[in-house]
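Chains as they are written, first to last, in our numbering: chain V, 1 to 413; chain H, 1 to 293; chain C, 1 to 305.
Calculated directly from the structure, the hints in this document are not laboratory data.
Accuracy of the hints is not assured; some may be wrong.
Label pairs and their computed distance ranges (CB to CB) [unchecked claim]: (1) E96/H / V264/C: 25 to 31 Å; (2) P143/H / A284/C: 54 to 60 Å; (3) P138/H / K265/V: 19 to 25 Å; (4) W136/H / D388/V: 49 to 55 Å; (5) R37/H / F76/C: 24 to 30 Å; (6) K108/C / P285/V: 24 to 30 Å; (7) K172/V / Y267/H: 34 to 40 Å.
Some, not all, of what chain C presents toward chain H, calculated at C-beta under 8 Å [said to hold, decoys possible]: (8) L65; (9) L69; (10) G92; (11) L99; (12) N103; (13) I104; (14) L221.
For glycine and all other residues, C-beta sits at the position ideal for the given N, C-alpha and C.
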Amino acid sequence: MKRLWRIGSVVALGALLAWPAGAGAFQSEGTVRIGAMWALSGPGAFFGKSSHGLASLAIDEINEAGGLVVGGKRVKMQLYAEDDACNPEQGLAVVRRLATVDKVLFSLGPSCSSVAEPVFGTLQKRLDDPGDTGLQLLFFTDTATKFGLAKLSPWVFRNTPDEPAMYDFVVKYLKENYPDLKTVMVAYESDFAHSASTWKLALQPALERYKYHQVVEVVDWRWLDNEFGAQVAKLRRANADIYFSLTHTPSTCPSFRELRRQRVKPRIIIGVTSIAAGEVLRQCPDVAEGLIAPSNFAPITAKAKQVADKAWERYSADSHIHSVPAYENVHLMKVLIEKAGLKNTEESLLEDRRKVRDLLARVGTFQGVVGKIKMNPDDHPVRPRDVDKDMILVQVKSAKWTVFWLPANLKQN
Amino acid sequence: MPGILLDATEQLLNGLMYGSLYALIGGGFTILFGVMRKLNLAYGSTIMAGAYVSLIPFYLFKVPAWVMLLSSIAGAVAVGFLVELVCFRFLRKGHELAPLLTTIGMLIVIDEAIVHATGAVGLDYARPFGEESLAWGPFLVRPDYLAILVAALACFSLIFFLIHRTRLGRAMRAVAERPQAAQILGVSLRRINVLTFALTSALAGVIGFFAVVSVGAARPELAVWLTGKGLVVTVLGGLGSLRGAILGGLLLGVLEFETMWFLGTSYRDILAFLLLFAILVVRPAGLAGARAT
Amino acid sequence: MDYYVAIASIIGIHALLGLSVYLVAISGQMSFGQQGFFAIGAYLAGMGTALWGLPLLPSLVLGALFAGLIGIVVGFPALRVRGLYLAIATYGFGEVVRLVFLNIRYTKTIGDRVVGPNGAEGFRHVRYVFDRGFTGLQFLGIIAAVVAGVAVLFYLLDRSKLGATLRAVEEDEVAAATVGIDVTRVKVLAFGAAGAVAGLGGGLFIHFSSYIDHDMVALPLAIASITYPILGGLGSFVGPILGAVLLVSLTEGLRVLHELRMFVYGGLIIVTMLVRPRGLVDEALVLRVKRWVRPRPMPRGADVP
Numbered sequence: 001m002k003r004l005w006r007i008g009s010v011v012a013l014g015a016l017l018a019w020p021a022g023a024g025a026f027q028s029e030g031t032v033r034i035g036a037m038w039a040l041s042g043p044g045a046f047f048g049k050s051s052h053g054l055a056s057l058a059i060d061e062i063n064e065a066g067g068l069v070v071g072g073k074r075v076k077m078q079l080y081a082e083d084d085a086c087n088p089e090q091g092l093a094v095v096r097r098l099a100t101v102d103k104v105l106f107s108l109g110p111s112c113s114s115v116a117e118p119v120f121g122t123l124q125k126r127l128d129d130p131g132d133t134g135l136q137l138l139f140f141t142d143t144a145t146k147f148g149l150a151k152l153s154p155w156v157f158r159n160t161p162d163e164p165a166m167y168d169f170v171v172k173y174l175k176e177n178y179p180d181l182k183t184v185m186v187a188y189e190s191d192f193a194h195s196a197s198t199w200k201l202a203l204q205p206a207l208e209r210y211k212y213h214q215v216v217e218v219v220d221w222r223w224l225d226n227e228f229g230a231q232v233a234k235l236r237r238a239n240a241d242i243y244f245s246l247t248h249t250p251s252t253c254p255s256f257r258e259l260r261r262q263r264v265k266p267r268i269i270i271g272v273t274s275i276a277a278g279e280v281l282r283q284c285p286d287v288a289e290g291l292i293a294p295s296n297f298a299p300i301t302a303k304a305k306q307v308a309d310k311a312w313e314r315y316s317a318d319s320h321i322h323s324v325p326a327y328e329n330v331h332l333m334k335v336l337i338e339k340a341g342l343k344n345t346e347e348s349l350l351e352d353r354r355k356v357r358d359l360l361a362r363v364g365t366f367q368g369v370v371g372k373i374k375m376n377p378d379d380h381p382v383r384p385r386d387v388d389k390d391m392i393l394v395q396v397k398s399a400k401w402t403v404f405w406l407p408a409n410l411k412q413n
Numbered sequence: 001m002p003g004i005l006l007d008a009t010e011q012l013l014n015g016l017m018y019g020s021l022y023a024l025i026g027g028g029f030t031i032l033f034g035v036m037r038k039l040n041l042a043y044g045s046t047i048m049a050g051a052y053v054s055l056i057p058f059y060l061f062k063v064p065a066w067v068m069l070l071s072s073i074a075g076a077v078a079v080g081f082l083v084e085l086v087c088f089r090f091l092r093k094g095h096e097l098a099p100l101l102t103t104i105g106m107l108i109v110i111d112e113a114i115v116h117a118t119g120a121v122g123l124d125y126a127r128p129f130g131e132e133s134l135a136w137g138p139f140l141v142r143p144d145y146l147a148i149l150v151a152a153l154a155c156f157s158l159i160f161f162l163i164h165r166t167r168l169g170r171a172m173r174a175v176a177e178r179p180q181a182a183q184i185l186g187v188s189l190r191r192i193n194v195l196t197f198a199l200t201s202a203l204a205g206v207i208g209f210f211a212v213v214s215v216g217a218a219r220p221e222l223a224v225w226l227t228g229k230g231l232v233v234t235v236l237g238g239l240g241s242l243r244g245a246i247l248g249g250l251l252l253g254v255l256e257f258e259t260m261w262f263l264g265t266s267y268r269d270i271l272a273f274l275l276l277f278a279i280l281v282v283r284p285a286g287l288a289g290a291r292a293t
Numbered sequence: 001m002d003y004y005v006a007i008a009s010i011i012g013i014h015a016l017l018g019l020s021v022y023l024v025a026i027s028g029q030m031s032f033g034q035q036g037f038f039a040i041g042a043y044l045a046g047m048g049t050a051l052w053g054l055p056l057l058p059s060l061v062l063g064a065l066f067a068g069l070i071g072i073v074v075g076f077p078a079l080r081v082r083g084l085y086l087a088i089a090t091y092g093f094g095e096v097v098r099l100v101f102l103n104i105r106y107t108k109t110i111g112d113r114v115v116g117p118n119g120a121e122g123f124r125h126v127r128y129v130f131d132r133g134f135t136g137l138q139f140l141g142i143i144a145a146v147v148a149g150v151a152v153l154f155y156l157l158d159r160s161k162l163g164a165t166l167r168a169v170e171e172d173e174v175a176a177a178t179v180g181i182d183v184t185r186v187k188v189l190a191f192g193a194a195g196a197v198a199g200l201g202g203g204l205f206i207h208f209s210s211y212i213d214h215d216m217v218a219l220p221l222a223i224a225s226i227t228y229p230i231l232g233g234l235g236s237f238v239g240p241i242l243g244a245v246l247l248v249s250l251t252e253g254l255r256v257l258h259e260l261r262m263f264v265y266g267g268l269i270i271v272t273m274l275v276r277p278r279g280l281v282d283e284a285l286v287l288r289v290k291r292w293v294r295p296r297p298m299p300r301g302a303d304v305p
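Okay, chain V solo, but in the shape it has when bound:
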């Protein structure tokens, strides 16, 4: 009998803890609730925590300047950040927690594309369709980059890199600036969708389009592999001028060490967008020296430097291609929320979300930290609700990401 009580109490404890921590009314409490689901623990924690820090910085700035004006009243922004641990099932539970327990206006994140897939896939697909029982929660994503995620639902908007455009530019840049380098070898992670699609849907089409470079070797490995001897030996034999290592940090670092071991020295090494962050600098700065990556962020302006410094100071958060969008998104949403004429009550939540969603779809061009960003509308033929923004090429020099190439319209100061 005692044991039954013990079992019972554990179950009850679990249930109790799942109880919401008391909802407060919005306009009357002087807050606008914004949400986020990020990988705050587990393998993606680096990206989740950096986004968390950048978003928190933006919210601090807004609140310290007096907050937002909604319905004639000054209210503060409140962040409800939930951890999905890069786990799709937890993501499916968390999105509903954000929507119906935390009752947020919109959500940032998720960090992992594997979480975004089911979460976005279960959102409402057709606006104003009462027969579509998908969730109605607005997402303004900062990190998950997998191709086609924003197409899954009109409630999804992303401020993430446009990889086909970036690699198209990289190939063109190489052709024009390094015409003597003609051979290319590629490594990608066959079990990591982001890496595999960067090769198949971004880089490979670009190489075929320019018809300039010759692909002499393509190797693949699993993103958590530990042994790269065979693949690197094949790269050694191919001995191409340009090496595209479309790999994430866990396999980039050991494979670069293997390149060094086998004395494989391509003239230029280009990485995947997500590599342009602090992780690789911490793990293998020596072998990463000289690595070039396409990015959207570098501390090239005073404002950018200020953001990066403050984010590090206050939240120990790294500012990079995936975390800075969280900062940009929060600031943009502040403007849109003030324009939207929201009622900001529990009852008006769905219609408030819809108002903000429609404004976001029509926002056109807005200011990012480094340059201007253009949000594609709902009817964009190829990439609806994704952004076009300036790309920067960054390079590892002396264990830091430095600017390798800037577009003409971005000035460094």
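Please build the complex by placing chains H and C on the supplied structure of chain V, with the hints as guidance.
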């Protein structure tokens, strides 16, 4: 020698060296299973715990590699002691699968501790065996793989000596073959269990050091990878058979390297499991044949 | 409300997975690969509704049947080994299934979408439930009905001759064979049925999440699948269900602890096994409950667990 034969030989060499690491992991699992009749799923975490502990003197005092090896052993033994206490000693007689679950729980807890302490970022590790592969004729040989082979030879020699030439080893073998008879003859089961745990944990420390050196960075995900390899090797070789673990480890290593070179990643992954099925269907007791249980 | 409905749905799906491991366990085998059957059921059921235009129920049945069939096929060679060998062999099976789905590409363009399993990209757009206006609560009802149906089957099994046969095989295979029980047939049937149950869970899962990929049926799911019955107890089918309720609730309920969540989760598993080494609903508890419900001697033979 024609090109293909050269390639096959190079992968054979690599496979044998790397396979000796697999053999060590399998050895740790199999010794514990042989003596205690239980599978310790927290072994992979114990290995990584040792490696992470050795990072402390590395980052603080820049100690030489042999000190790191010793601290890895010390750390693994400490964690192993904890695992033995919590997951086995405190466990009352229950389902034979209960230790499986307590060790899984321990695996989660140790993993979390590591992730917390390191912020889930991989940490750079020492490279005491150099940064370049050695050129031996037409072959490139990794010095750290060579070191693994040497370490494995040393460890297995020590273990065989211990098991076959010492009283403790005799007691362990007695407990492995006939636990009740051994008890009647005055062997303290509890003492043997603890000492076996200490031995396999020390081995874990050695494995942790060499495994992380070869990977180049300490990452929490390595624990799961180590566990997977260890289990496959243990089953290939036969649960409880040290000789089987060595054979199984080498076979797995060679198979992985050869299929990786000639057939690619997908086949490498699938073939390892198909080999497992084949062994289980053809020779269920493992490579080293039936052992008295 | 939606949040709790989602948690309950996940519990139901995982309960099926736990019941699948339980069914194999009570015939004396430990399978560490039921997530493979879960995956097969998910992919097949998803293809049913998303690619072949079948309604939900036939798709679920298709997934379950196919998984069950594979279970029987795998059961035969698998049963040449026992105990931990079997556990590792079945884990290998689970991994092979995962790797197969990592490589399979079978897509059709329907309207403006590319639908179907697409290798590392995964299988998205399984929108049957949402497109037809099922609310979360209604789908939970479907999940609950399936779990209840399976539970009833298990209950009947427990009280039936077949159930006694299974447990007899688990207790002592040699003795069971001596009294004329076809041990191999019993174990293979158990494997097949367990595969079907896991396949049902998978089919429900893909319609709940609209998406699946190879990463979602890997080692973490394998560990979860055996944790439910071992922690919940192998005394009765209530055990794995309780295990699923407890562990999924804890994953969500412990969010208040933020960083310490997984520590407490792992620690609770350890503590529960230390306190109740045969699981929460072990044979002793089942016996006590049975005696309390019907306080007279049992008509069958030896009833000491």
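Status of the hints after comparison with the structure:
| no. | hint | result |
| --- | --- | --- |
| 1 | E96/H / V264/C: 25 to 31 Å | 27 Å, holds |
| 2 | P143/H / A284/C: 54 to 60 Å | 58 Å, holds |
| 3 | P138/H / K265/V: 19 to 25 Å | 20 Å, holds |
| 4 | W136/H / D388/V: 49 to 55 Å | 53 Å, holds |
| 5 | R37/H / F76/C: 24 to 30 Å | 28 Å, holds |
| 6 | K108/C / P285/V: 24 to 30 Å | 47 Å, violated |
| 7 | K172/V / Y267/H: 34 to 40 Å | 36 Å, holds |
| 8 | L65 | 24 Å, violated |
| 9 | L69 | 18 Å, violated |
| 10 | G92 | 4 Å, holds |
| 11 | L99 | 5 Å, holds |
| 12 | N103 | 6 Å, holds |
| 13 | I104 | 11 Å, violated |
| 14 | L221 | 13 Å, violated |
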